[in-house]
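Based on the hints, put chain Z in the right spot on chain R.
Protein chains: 2
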Amino acid sequence: MSMSQRVDSRTRDLVDKSTRQILKASISPQDDIIAERSRATFDALQMCYALNGGKDKIQRRAQLVEALKRTSWGNKERRHFMTREEEYVEALRASFGIWEKMKQEKMSLEDGVTMRSLVDFPGGLELHIGMFIPSILSQGTPEQQQHWLPLCYDLSIIGTYAQTELGHGTFVRGLETTATYDKTTQEFVLHSPTLTSTKWWPGGLGKTATHAVVMARLFIDGKDYGPHAFVVQVRSLQDHLPLPGICVGDIGPKFGYGGVDNGYLAMDHLRISRESMLMRYSKVLPDGTYVPPPPSNAKASYATMVYVRADIVKNAGSVLAKAVTIATRYAAVRRQTAPSPGQPETQVLDYQNTSHTLLPLVAAAYAVHFMGETIMGMYKRFDKDRERGEFSSLPELHALSSGCKALCTWITADGIESCRRTCGGHGYSKLPGLPTLFQNYVQNVTWEGDNNVLCLQTARYLLKALVGVQRGQQATGSASYLNHAAAELHAKSAVQGASGWNAHALQSAMRHCATRLAASATAMLQSASRSAAGASSRAAGGLVFEGPAWNNSTVAMIKLTRAHCMAELHSNMLSSITALHSSGKVGGRELAVLQQLASLFALTHIEAHMGDYLEDGYFTGAQAASIRQRQNALLLELRPNAVALVDAFGIEDYVLNSALGRQDGDVYTALLDMAQGSPLNSSQEGPAWHTVLKPVMVKHSKM
Amino acid sequence: MSMSQRVDSRTRDLVDKSTRQILKASISPQDDIIAERSRATFDALQMCYALNGGKDKIQRRAQLVEALKRTSWGNKERRHFMTREEEYVEALRASFGIWEKMKQEKMSLEDGVTMRSLVDFPGGLELHIGMFIPSILSQGTPEQQQHWLPLCYDLSIIGTYAQTELGHGTFVRGLETTATYDKTTQEFVLHSPTLTSTKWWPGGLGKTATHAVVMARLFIDGKDYGPHAFVVQVRSLQDHLPLPGICVGDIGPKFGYGGVDNGYLAMDHLRISRESMLMRYSKVLPDGTYVPPPPSNAKASYATMVYVRADIVKNAGSVLAKAVTIATRYAAVRRQTAPSPGQPETQVLDYQNTSHTLLPLVAAAYAVHFMGETIMGMYKRFDKDRERGEFSSLPELHALSSGCKALCTWITADGIESCRRTCGGHGYSKLPGLPTLFQNYVQNVTWEGDNNVLCLQTARYLLKALVGVQRGQQATGSASYLNHAAAELHAKSAVQGASGWNAHALQSAMRHCATRLAASATAMLQSASRSAAGASSRAAGGLVFEGPAWNNSTVAMIKLTRAHCMAELHSNMLSSITALHSSGKVGGRELAVLQQLASLFALTHIEAHMGDYLEDGYFTGAQAASIRQRQNALLLELRPNAVALVDAFGIEDYVLNSALGRQDGDVYTALLDMAQGSPLNSSQEGPAWHTVLKPVMVKHSKM
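Residue numbers (full-length UniProt numbering), protein chains in the order written: chain R, 1 to 703; chain Z, 1 to 703.
It should be emphasised that the hints constitute simulated quantities derived from the structure, not laboratory data.
Note that the structure is predicted; figures quoted are calculated from it, not measured.
The beta carbon of each residue, even a glycine, is placed where N, CA and C say it ideally should be.
Any given hint might turn out to be false.
What the hints assert, rightly or not - Rough simulated footprint, nothing fancy, chain R against chain Z, three-plus residues with beta-carbon under 8 angstroms:
no. : region
1   : 579-592
2   : 612-618
What the hints assert, rightly or not - Subject to a maximum C-alpha distance of 30 angstroms in a straight line, what follows is the list of computed DSSO-like cross-link-like pairs (lysine-lysine):
no. : chain 1 : residue 1 : chain 2 : residue 2
3   : Z       : Lys223    : R       : Lys17
4   : R       : Lys254    : Z       : Lys694
5   : R       : Lys101    : Z       : Lys694
6   : Z       : Lys585    : Z       : Lys380
7   : R       : Lys694    : Z       : Lys559
8   : Z       : Lys283    : R       : Lys183
9   : Z       : Lys299    : Z       : Lys380
10  : Z       : Lys69     : R       : Lys699
11  : Z       : Lys464    : Z       : Lys380
12  : R       : Lys24     : Z       : Lys283
13  : R       : Lys694    : Z       : Lys103
14  : Z       : Lys106    : R       : Lys699
15  : R       : Lys254    : Z       : Lys76
16  : R       : Lys699    : Z       : Lys101
17  : R       : Lys283    : Z       : Lys69
18  : Z       : Lys254    : R       : Lys694
19  : R       : Lys24     : Z       : Lys223
20  : Z       : Lys17     : R       : Lys223
21  : R       : Lys106    : Z       : Lys492
22  : R       : Lys17     : Z       : Lys183
23  : R       : Lys57     : R       : Lys17
24  : R       : Lys24     : R       : Lys55
25  : R       : Lys699    : Z       : Lys103
26  : R       : Lys492    : Z       : Lys492
27  : R       : Lys183    : Z       : Lys24
28  : Z       : Lys69     : R       : Lys254
29  : Z       : Lys299    : R       : Lys103
30  : Z       : Lys57     : R       : Lys559
31  : Z       : Lys384    : R       : Lys76
32  : R       : Lys384    : R       : Lys106
So that you can see chain R by itself, here it is in the shape it has in the complex (with noise of 0.2 angstroms):
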């Protein structure tokens, strides 16, 4: 940015009276945020490396971000301004380029993942390492694994998975591609019969995808046996072109993740070799056979639904920490209003309003990140019981990971967009990153399980939990609160004055509520299907989970997903953090601050469901207003301490790539430099001037 022109002394002199006038007012965002961290109670450092796995992990992070910048495919500095197109192939290059890394200098697969994640930028090859490989290993016999799995892992192909067609997502069974068995040349013939059954959504299988793993419904002998798993290539492996019978293409732009070439893909009565489904489990022998799988595989395929879930949770809690460094440092930077004249201007995370909106969801962003670890410590001990055919935990976890899978994509979200709201005008710039971060998770509460749909398989898990209670039988795990229901149904909270909502109150609070919306959703629905005639087939304990009886309750039961859900993230963060304290991860001023963090979180889920918690009786309208005095008196407790808990998350300026977020709080001169590399300002007169400007407004060019 250059401006230089000639100024004479006596107009510098004469501005310059203006101008310390001026420069009176004014504090530096850098001042500011060094301030900030002085203020705090306790060693963020410490914090950062407890949340993060230890000191090691996060000193070779460093390491491999300095690694990464220097690399053309690591660069970010591009990144604001790419091309729907320039994303698609630079994500592909930084996909390929991290491949050949870890290859060149012999990485551990950690290494690997963790560069995915630094990188964070979404392609084509999602799928290939996500879906394609797993499901090969998972449901292949010895011998496909043998034939696919070295073209994959030297990319002589690349795989999706195409399962999502235009007229189906959540109801797998409602698939309609067919994969008719051809006994007299044992082949599968596959074929898309309408328009609704072209597969629509794999990621990669627009322009890059060789192979697609394709779930087709199978029918031998003019019987339908549902969806089974296909290997079938759409492109040829010398000039990339699809292969005949094949329509594949890109389904066009999305919210965000531009950089993935979503895909569509039609097949026009396909031959594939029987070899070509994938028969670990169920098979079909060259004579029309159809050898179902063992009861087994469902359980199986039930824990790659928990592992990916799981893995939803952990992510949102680290994509909320993003969210909440970025928007806590600015607020912290940002000042806005005097007071008074002559007064310096007031930091924004000083209006109550912010505060309320910003330090609950660093709360949430603590809440989530230790449910992610708590979930996925759970999956890992089940796989280990699995390979000796133990499944016991199954259906608990099942349930567990399903409705925190959605709380905790509905939490982060809505945090996302709530983080950009309290930056102001400068939330809506794409530089500060909370536009682009929305834009690409948002798909989160759709995927791997509709959220609503995922909700209402955890309400049936609790239903059926509360109905065996009160038919004498124990309910396990999180739901085992359910087992003192009858009691609980007339408890009223103890609580007297805002000093008396400690953690053991809070927990209470939130499970009598929980409590009483499965009560209260059991027997709706019991109601609902007594009157729904001839609705018996899946009824247990009088509750049809089906039609519309169900259909006509699902608010209920939703809603007390959420609150069971939110309680379960209550009760695990005490639990972690004692944990961590326990351990000596962390010391005693650590565990302090994760305690008010704890506190606030329930507090601030409480009070925005109040109603819940007063309907019964359970709470009164005094307690309420105390509710609401603990939490604003929270938010002050906390506030000195704001910067340092998102700095405790330890993300590197390099994965923020913002300019708002930035550690040294130099947020102005970040969005002025940043703002240089928009495509616009190429060129000094704009990219309309010539075509579009000039022929009308500079009249004597048309004389």
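Positioned in the frame of chain R, the structure of chain Z alone reads:
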């Protein structure tokens, strides 16, 4: 899309057997939407005329749509696929196209406004039309108007309005750009003394505008007279290059609004003539004497803000109408999950959680629409009054428009995203239009007064009104319900059973709630004000509206404004629909549906904030439950009218430009057709094959 290959008849027969089984289950979306329309209990076309100002207007819109479609700049086929530069250039072309068409065909201003909303492509001329010309009209002297306006009207110059700076948005008094008067030359020296004084955000400033109305702090003889408006030329009219002393450019990509070149501007000791200051009100005489504006000027600038906010409310209604049109039509044709094998799958709109999201948003779109009409009408009456110096309705209008701007933009911004999520996976595609609608809309919660700040202004008005009432004065206008505050605070709802929730009962409940929140916010601020040391400067009725006492009360204040404006939206909708019916614009069947919508709007708000109605005992727990019962019953009652209710908004397919929102329901064909336009599909092998994929994938090419 073509994948033609020869298929032998045996294969065809084999596959046809599978296909027939698939086809049994499918229902076409076109049939679904026809069936939906036939279920309506009211006349959607009559409703459409009533909402849109009559049959003539709808017919004129249709004519304009046909004309626009045929122009190169009004055609929307490529709209979803543009790069930022293309968006900028094409949006300008569209603006110029409308301008020229109006001139050539001697069209009315109203036609021009209509065309702008139909083309719906904000670009670099927004602030020329919306701010530069109006500023000169309202703040320029007759001579200045004669000089500038003809140049504006024939686009010899293009202007913008530069107020916001990197460091200052909301707090206008804090602007840092200086305009120092130089008596000796009778010039102002415009200067950007700090990094944070860089003008930032003005639309069109980046690469389009040649001139800007610049807000700068006026200094004369070292004295600061605060912000004043100056016309500054920033670019040459010959070659469009920035003039000496000017640094100007594009601020980079934003969440949305890619067609607009929001810009930055820094000035280095830039001399402009004394006549460049807009001097209709304040003046600087040649000798440096400052002539302050007459007192009515402040009121006039309030009036401009009121107009802008009223316009935003009106716009909020039409944007939300678009979102619910898309989502409701799609939810009516999307089917997912068969209740049991062999049965048709359920329309997504028949899941309670979907209708519980969508139908209240349909209701909100109606409520916001009516509020937009009302506020605009109030503004127009005020505008007539002020010509004769009558400003008495301004405080009420200012408070109402501020709070409603905040509330209605929140409803719409959050509503678009909720609509998007009900569309499941396809909602994430840009082709249905909801992502872009959200991206282009959300800055409305921030600009023209940040919503939180506006809520505080309305809250201050309400608190002053309540303190006035407590002192025996009469509250007027929208605050007049506060006259009954003393009695209201002890009131209980007398409603029995779900059927008791008629319009009057709902309105009483909402006003009771707002009264109680006003009383508790007043008490809270009075108490905080007492303890705030030395705070007395602006105390009114023991209330200090600034400093820590105020900053630590903002959550309660914002909550109060929301409750107040919700009650206003509801009561305004009731009176608006009564008026429509009395004037014969709608019949009894239409009125009945509108009344149901008004009730649903109120019930949904109350249900979401139930704690506020239970805390003081106004509701019992049983009444809370009956609110939900009534709400659920209404969802079922309104369900058959869902599609007709969005049809009645009368939004053309051309305007929606949405694969899922189309009138004919043919959503899957549209998705597939529109996807063909994706730039990634311009070659079969895709843009990464030769440069990225082939070198790695095809091994022999490396040997």
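Hint check results:
Given as covered by chain R, the region 579-592 of chain Z fails the check, having 0 residues with a CB less than 8 angstroms from a CB of that chain where 3 are the minimum. With 6 residues bearing a CB less than 8 angstroms from a CB of chain R, the region 612-618 of chain Z meets the requirement of three and the coverage assertion stands. Our distance criterion of 30 angstroms between C-alpha atoms is met by Lys223 (chain Z) and Lys17 (chain R), whose separation comes to about 9 angstroms. With a C-alpha separation of about 26 angstroms, the suggested pairing of Lys254 (chain R) with Lys694 (chain Z) holds against the 30 angstroms cut-off.
Among the hinted pairs, Lys101 (chain R) with Lys694 (chain Z) is consistent with the structure: their alpha-carbon atoms are about 18 angstroms apart, no more than 30 angstroms. Among the hinted pairs, Lys585 (chain Z) with Lys380 (chain Z) is consistent with the structure: their alpha-carbon atoms are about 22 angstroms apart, no more than 30 angstroms. About 51 angstroms separates the Cα atoms of Lys694 (chain R) and Lys559 (chain Z), which puts this hinted pair outside 30 angstroms; it is violated. Between Lys283 (chain Z) and Lys183 (chain R) the CA atoms are separated by roughly 94 angstroms; this puts the pair beyond 30 angstroms, and the hint is violated.
Restraint check: the Cα-Cα separation between Lys299 (chain Z) and Lys380 (chain Z) comes to about 15 angstroms, which is no more than 30 angstroms; the hinted pair holds. For the hint pairing Lys69 (chain Z) with Lys699 (chain R), the CA-to-CA distance comes to about 29 angstroms; that is within 30 angstroms, so the pair holds. For the hint pairing Lys464 (chain Z) with Lys380 (chain Z), the CA-to-CA distance comes to about 26 angstroms; that is within 30 angstroms, so the pair holds. For the suggested pair Lys24 (chain R) and Lys283 (chain Z), the alpha carbons sit about 27 angstroms apart, so the restraint of at most 30 angstroms is met.
For the hint pairing Lys694 (chain R) with Lys103 (chain Z), the CA-to-CA distance comes to about 18 angstroms; that is within 30 angstroms, so the pair holds. Our distance criterion of 30 angstroms between C-alpha atoms is met by Lys106 (chain Z) and Lys699 (chain R), whose separation comes to about 20 angstroms. Between Lys254 (chain R) and Lys76 (chain Z) the CA atoms are separated by roughly 17 angstroms; this keeps the pair inside 30 angstroms, and the hint holds. Taking the CA atoms of Lys699 (chain R) and Lys101 (chain Z), the gap is near 18 angstroms; set against the 30 angstroms cutoff, the hint holds.
A C-alpha spacing of about 55 angstroms is found between Lys283 (chain R) and Lys69 (chain Z), which places the hinted pair above 30 angstroms, so the restraint is violated. Between Lys254 (chain Z) and Lys694 (chain R), the direct Cα distance comes to roughly 26 angstroms. Compliance with the 30 angstroms bound is thereby established for this hinted pair. With a CA separation close to 14 angstroms, the supplied pair Lys24 (chain R) and Lys223 (chain Z) stays within the 30 angstroms bound. Only pairs whose Cα atoms come within 30 angstroms are accepted, and Lys17 (chain Z) paired with Lys223 (chain R) is accepted, the gap being roughly 9 angstroms.
Between Lys106 (chain R) and Lys492 (chain Z) the CA atoms are separated by roughly 73 angstroms; this puts the pair beyond 30 angstroms, and the hint is violated. For the hint linking Lys17 (chain R) to Lys183 (chain Z), the alpha-carbon distance of about 15 angstroms falls within 30 angstroms, and the restraint holds. For a cut-off of 30 angstroms, the pair hint linking Lys57 (chain R) to Lys17 (chain R) is broken: about 53 angstroms separates their Cα positions. Restraint check for Lys24 (chain R) and Lys55 (chain R): not satisfied, since their Cα atoms lie roughly 43 angstroms apart, outside the 30 angstroms limit.
For the proposed pair Lys699 (chain R) and Lys103 (chain Z), the alpha carbon gap of about 16 angstroms is at most 30 angstroms, so the pair holds. This hinted pair checks out: Lys492 (chain R) and Lys492 (chain Z) have alpha carbons roughly 23 angstroms apart, not beyond 30 angstroms. Restraint check for Lys183 (chain R) and Lys24 (chain Z): satisfied, since their Cα atoms lie roughly 25 angstroms apart, inside the 30 angstroms limit. Annotation: proposed proximity of Lys69 (chain Z) to Lys254 (chain R) holds, straight-line Cα distance about 25 angstroms (limit 30 angstroms).
Proposed proximity of Lys299 (chain Z) and Lys103 (chain R) is contradicted: the alpha carbons are some 70 angstroms apart, above 30 angstroms. A threshold of 30 angstroms between alpha carbons decides the hint, and for Lys57 (chain Z) with Lys559 (chain R) the separation of about 44 angstroms lies outside it, so the pair is violated. Between Lys384 (chain Z) and Lys76 (chain R) the alpha-carbon distance is near 56 angstroms, which puts this suggested pair outside the 30 angstroms criterion. Between the alpha carbons of Lys384 (chain R) and Lys106 (chain R) the distance comes to roughly 28 angstroms, so the proposed pair stays at or under 30 angstroms and holds.
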